Amino acid sequence: MAEVWPMNGRVVLLIWVVAIGLILSARVAWQASSEAPTAASSALVHATPIPVDDVDRVEIRRPGPSQESASIEVVFERNDEGWRQVEPFEVAADGFAVRRVVLAAADLSATRRNQVEELADGGGLERVELATPDSNVTLTWPGGRTSIDLGARTVAGRAWIRIDDRDEVLVVNDALHEQAVEDDPRNWRSRRLFPGDAEITEFRSANGDSVTRLLRDGRRWSMTSPARTRADAAAIDRLVAIVGRIEHDGFVTDAPKELSRYGLEDPAAIIDVVRDDGEVERLLIGGPAGLVGRGRFAMIDGVPTVFRIDESTLRGLLPAVASFIDSTGTGVDVADVRYLVIDTEQGRVRLDRDLDRWTLSIDDGPATPTSGARVEALLAILSSTAATELQIQAFPARLQVGTIVLHAFDGRPLDAIRIARESADGRWATENGDGVLRLLPASTIMPLTPSGWIDASR
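Those letters in the sequence shown? Residues 41 to 498, per our numbering, in order.
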């Protein structure tokens with residue numbers, strides 16, 4: 041049987057002291073948790089969660105650039121087309137940037153709570169900069185609203201706030217301060233030069249003395265200035281894509297006192313984009329934006345903000361006029377051509393389609409079979425061969441060598457193309473009444489005279 045050693049008095053006393061200490065510690069901890077639930081009992085900030093996707097108005101007040109200047113107040117509103125800044129002036133907003141502010145407000149998390157009266161001994165609301173706060177974010181949505189005063193920032197990415205003038209102030213993460221107070225308010229605006237979303241129906245540019253006007257009728261585009269002619273569909277598609285996404289390259293200043301300083305009192309160029317809802321977006325392009333490079337100052341008409349656009353942006357918006365012109369000799373679909381008549385000084389040639397064959401008649405004489413490949417090659421030159429050069433000028437009548445008239449199946453004329461040539465072995469030029477010469481290489485084979493067609497038919 042094991043021997044049991046008697047416990048001495050010192051050990052017994054030590055056990056009792058430890059037991060009493062544990063009991064007292066547990067009681068103090070329980071009392072602290074029950075008496076101070078506001079210290080860290082909940083990280084929730086908003087009594088009702090902010091419906092981020094329903095917020096349709098954001099008001100931000102923040103300090104001015106200097107102590108003497110007034111506070112800056114910026115207001116954003118959301119409509120069917122997205123977010124717009126409506127105060128201090130109206131301009132398209134960057135929806136992503138505005139949403140970041142809304143998310144920062146919705147995601148606030150409290151690490152400390154104090155009743156307002158609890159701050160009295162420590163300097164009150166003045167100490168945490170919430171007595172007369174100079175920064176505030178107010179969010180509004182259908183059926184709801186919340187106003188958040190932004191106070192002093194503390195250490196470790198924390199800051200004081202007060203919501204809806206409640207009797208408590210909170211210490212939260214400083215993400216909202218970062219977005220609403222520290223960020224440049226210009227970053228909340230859209231940088232797009234033409235932020236509209238409706239379909240474009242007209243494009244106008246005045247670049248010095250050169251005025252270009254492109255007009256859409258249904259799905260077809262045409263040029264009305266500097267010449268009335270067919271527009272190149274691919275070039276128009278590129279322009280529309282550029283207009284839809286192009287952005288400026290940096291803000292310069294708001295509310296400029298002297299537009300002449302930026303060359304905008306008398307702009308060097310003006311670009312108008314007209315949309316099918318009647319909206320007209322006008323871009324004013326001013327003087328050089330520096331000693332190096334070919335960038336320019338610019339501003340959107342009606343928006344008091346000057347920004348920079350670089351050389352590549354300018355090239356995209358103001359390409360050579362000729363790049364918008366359809367470079368083919370005619371816009372007629374060759375499948376719609378029933379017959380064509382070629383008039384030259386040597387006589388008249390008529391070429392008729394007969395199902396999959398072609399016939400030839402000279403000076404209203406009898407029709408005889410001719411080379412269908414030769415006719416198709418001529419039609420391809422007129423309808424699908426791109427000119428190597430375009431010149432907007434009057435047709436050189438003294439160089440005219442013939443006229444080709446294309447006729448529909450009902451006999452009506454579809455198009456008349458005049459043909460000119462610099463010399464017997466020079467370049468060709470076509471023109472169909474639009475004042476645009478479309479030049480083709482001298483090597484182009486374009487049979488016009490009766491003898492040329494008779495020889496080919498033998």
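Everything labelled a hint here was simulated from the structure, so no lab data went into it. None of the values given here were measured: they were computed from a predicted structure. Mixed in with the good hints, there may be bad ones.
[To be verified] FRET-style restraints, in silico, Cβ to Cβ:
hint, residue 1, residue 2, range
1, Val-115, Ile-310, 23 to 33 Å
2, Thr-180, Glu-108, 28 to 38 Å
3, Leu-358, Asp-450, 36 to 46 Å
4, Arg-438, Thr-293, 54 to 64 Å
5, Val-115, Glu-218, 53 to 63 Å
6, Gly-284, Ser-411, 40 to 50 Å
7, Gly-356, Asp-237, 15 to 25 Å
Built from N, CA and C at the ideal position, the CB exists for glycine as well.
*When the hints from earlier in the document are held up against this structure, which numbers fail?*
5
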